Amino acid sequence: MGLHQTPLIKEQQLEIYKTSQQADILMKSQLGRHFILLQHIAKI
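Residue numbering for the sequence shown follows our numbering, beginning at 3 and increasing consecutively.
Since the hints were derived computationally from the structure, they do not count as laboratory data. Source: prediction; values computed, not measured. Glycine included, every Cβ here is placed at the ideal spot set by N, Cα and C. There could be a bad hint or two in this list.
Ranges of calculated distance between the beta carbons of each label pair, as one might list FRET restraints [what the hints assert, rightly or not]:
# : residue 1 : residue 2 : range
1 : Ile18     : Leu39     : 25 to 35 Å
2 : Gln14     : Lys45     : 42 to 52 Å
3 : Leu33     : Glu13     : 22 to 32 Å
4 : Ile43     : Ser22     : 24 to 34 Å
5 : Ala44     : Gln14     : 28 to 38 Å
6 : Leu10     : Ile43     : 40 to 50 Å
7 : Ile38     : Gln14     : 29 to 39 Å
Let the sequences and hints guide you as you build the complete structure.
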């Protein structure tokens, strides 16, 4: 049972890692956009 589960868990961990990386990139880009917006507001 344990041997059968390991490849699945490794695949799931890889998927979680991929999605978390994508989420991190998304967050950083959104934060970047908010920062640019804040800079524009500060200029006005």
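Here is how each hint holds up against the structure:
A hinted range of 25 to 35 Å for the beta carbons of Ile18 and Leu39 is consistent with their spacing of about 31 Å. Between Gln14 and Lys45, the C-beta spacing of about 46 Å keeps the proposed range 42 to 52 Å intact. The hinted range of 22 to 32 Å is satisfied by Leu33 and Glu13, whose Cβ atoms lie roughly 30 Å apart. The given range of 24 to 34 Å is respected by Ile43 and Ser22, whose C-beta atoms sit roughly 31 Å from each other.
Separation of Ala44 from Gln14 is about 44 Å and departs from the stated range, judged on CB atoms against 28 to 38 Å. Leu10 and Ile43 have their C-beta atoms about 48 Å apart, which keeps the hinted 40 to 50 Å range intact. Range check, Ile38 to Gln14: about 36 Å between beta-carbon atoms, so the 29 to 39 Å window is met.
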